[in-house]
Amino acid sequence: MLKPIFALALIAIFSVGSAVADICVRDDSGAEVCLSKPAQRIIALSPGATELIYAAGGGDQVIAAVSYCDYPEAAKSLPRVGSYNRFDQEAILAQNPDLLIAWIEGNPAEQLAKLKSLGLTIYYTQLNDFDDVSTSLERLGKLAGSETHAKLAAEKFRAGIADLENRYSHSAPVTVFQQIWSNPLMTVNNEHIISEATRICGGVNVFGGLPNLSARIDNEAVLAADPEAIIAGGMGEENRDWLDEWLRFSGLTAVRRNNLFFIPPSTIQRPTPRLLEGTILLCQHLETARGRR
Amino acid sequence: MAAVKTSRGAVPHFILPLSILALLTFATLALAITTGSVSISNAELWQVLSGGGEPLHRTLVFELRLPRALSAFGAGGLLAVAGALMQVLLRNPLADPYILGLSGGAAVGALSSMLLGLSAAAVSGSAFIGAMVSALTVFGLAHGTGSWTPTRLLLTGVVIASGWGAAITFMLAVSPSDQLPGMLYWLMGDLAYARSPWPALIVLGLISIIMLPLGRSLNVLARGQMQAAALGVSVRALEWTIYIAASLLTAFAVVTAGSIGFVGLIVPHMLRLVLGNDQRLILPAAALAGGALLTLADTLARTLIAPEQLPAGVITALIGVPTFLYLLHRSR
Amino acid sequence: MLAAKNLIIDIPERNSGTPLSFEIKPGETWGVLGPNGAGKTTLLHTLAGLRKPRSGAVELAGTDIQLLRRKQVAQQLAVVFQNNGEGFPATVLETAMIGRHPFISPWDIESAEDLAIARAALQKLELGNLEHRLISTLSGGERQRLAIATALSQTPKLWLADEPSNHLDLKHQVQIMELLAEQATGNCGIVLCLHDLNLAAQWCDKILLLYPNGDACWDDADTMLATPALEKLYNQPLRSIVSDGQRYFIPLSSRNSG
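Which chain is which? The protein sequence lines are A, B and C, in order.
Just so we're aligned, residue 1 is where the first sequence starts under my numbering, counting upward by one.
Just so we're aligned, residue 1 is where the second sequence starts under my numbering, counting upward by one.
Just so we're aligned, residue 1 is where the third sequence starts under my numbering, counting upward by one.
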């Protein structure tokens, strides 16, 4: 019962402190982002950025987002300023934001440069691994003035992943085909965050060595690799159609042992704290697969 | 009478090129079932074909490679025949099956159902509906006042096609990012979508048979509407038949493999440069050559950088463009 | 054989003018004369059944030509069009062969006999050695001769030819007119749209004058080819000369009327 009160007190102390000194963090582009006081009007420019800022405790200060920002529930009712790949600069300016959270790989660089030249503060995100998730939470929390909340979230994530790693990463390896799309059939290499989850769970991505981050392959390559398990997302969060398409290949080990697993794509493909959920699910699935040997 | 008819001029003239093309088709189909990410030796292949062999190899050959090769053959043949027909209909050797907006209509249909998250079968169905809506719209508009000149048809088609183009751009612009690769690959044309080769092959066979007795009328129509009418061709009926046939051919091709470019333009044109302009030869030759080209292109697309895949449309262009330019150059 | 019954050709935004009623009998050569835009080509196409008349009818052997199947018409009547540039690439022989189209059933292909007819037609028009050339490589005169060869291989009983002497040098002009006269002698009916009065005077038995306002008159060539009527038709002063019993017309210009 005392804990929340204690936390509130801590926040109060930090707030007083930050009123005098600048808040500065380094973003994923390597630049220093400084605010004179915690951000009050934040616009998140990608679904991933939206999730991160909410998870970092800055949700109340988020005033707008872009299309398809669907998590958490509260983000659904935010005003929109366009889509992540083409946003409405006027709408952004009209909101008078004091912080934009951008996505290096997905947002158009020219539009961001223009907004920057107009004097807006931009924090660039580019999350490549699990570690980036926790550090991003901490840095965004600092900017939003919710450092304590953010630190807790980051710690929870780190601890959860470390726990999984301890339990599963040295278990007997399971070969896995990670399907991120059907029609065309697509997978990812070891650089992708999904593969990190697989590694943590003691799995081996059968296409890990491909040169490109994501690659289009054919059914035949999967038959040739004959993975022990197939892990797929789907169109939408509940759709298992993609897995059913494998059933016609009865020669596949994964099909024979019924190791066709579905993981809601938003919990495994987006580099956000929800990765923990997805990874837990993935580890459970691979453990099931081990049990079916 | 029979004695006179045995010394026909045309038939021997057809046999050689068609046999060569049939051999070529056979060779590409053979290549398609023998190559892939998994290497299967000739001995193993022989076992598989004679009903034995390893289960994995049987699956590869009978469930993956053969249906896909046949789909490629079907789609390629459909496109080439449709292109040959469109060229006669518009009296324009540069016409292709997509010139009147069919692929645009199909693409809008397919992308809409992808956006709605429908199943692959529904995507095929809506592509077909889109193609037919486009065909009927162009037909109705071009035909509106009764006169139907190639120019009017062409203009109507080109305008409708650019309308679809804008709709496609719009849909790509508003789609969520994870949907984009699927949409773009569909637009580039890809045999990975092929579900069953039979619709394409059956339509190709049926329409080829229907077109066979019309071949000579097509030759006459190629000389112009007036000339054809003066030589006893019921021009309007024939043009409608060609239009409907070409639309159906294209629609089935697009449903099988997305909008694969170049085959429909380049194959009939190449054949004309080599074999002349007798449609009775060009149409069956186009079915074989278009089928063989796409089968080869698809085999290369899935093996060149295996296990990664290229869109077959890229390969058809890579094979087609230089060959075409060479023939054009050689033919003065 | 081919008859116009109160025929009014359909030229948009023009008065109906004189209804045409005449019959082209086997062996007759008709010349249609008129200035540019008078409707000569439209009349020819209407007679061939390729255009619907505004009113009246064209009858081929007693039946309205619009009610006949195109194939039946094409077995008796050939049309030589003015523009032969349109269309797809094709060789000279292929083009001559399409003249046989009306006689071959859909499931059949050309017989040796058809090939012989087409080759003979090409020989007759001195195109025999160009058999394998593409039309696009022919000169204007050669194309014109090819169009006539195509009609010839159609073995028609009626010829409707639009300016058959177009693009032709003098020798080939004479050759073509002789060929048509020979066809007439062989009991064919011939209708020619002509702009050369002298060809009309030399080769036609019957003349039809077509005025830009839709008026028309027709009769034997001797009565129709009178200088005043022709001057009115073309709105152009003419002089007529008779030499060796043959009449010639020369257009006069104010600059050299000496």
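In case anyone wonders, no lab produced these hints; they're calculated from the structure.
Quantities reported herein were computed from a predicted structural model and do not represent experimental measurements.
It is possible that some hints are incorrect.
[Claimed, not checked] Residues on chain B that point at chain A, a partial pick, calculated with CB under 7 Å:
| id | residue |
| --- | --- |
| 1 | T34 |
| 2 | E44 |
| 3 | G51 |
| 4 | G53 |
| 5 | P55 |
| 6 | L56 |
| 7 | A120 |
| 8 | A121 |
| 9 | A122 |
| 10 | G125 |
| 11 | F128 |
| 12 | M188 |
| 13 | Y193 |
| 14 | S196 |
| 15 | R302 |
Positions of the beta carbon are idealized from the N, C-alpha and C atoms, including for glycine.
Status of the hints after comparison with the structure:
no. : hint : result
1   : T34  : violated (12 Å)
2   : E44  : violated (14 Å)
3   : G51  : violated (16 Å)
4   : G53  : violated (12 Å)
5   : P55  : holds (5 Å)
6   : L56  : holds (5 Å)
7   : A120 : holds (6 Å)
8   : A121 : violated (10 Å)
9   : A122 : violated (11 Å)
10  : G125 : violated (14 Å)
11  : F128 : violated (16 Å)
12  : M188 : violated (10 Å)
13  : Y193 : holds (6 Å)
14  : S196 : violated (12 Å)
15  : R302 : holds (5 Å)
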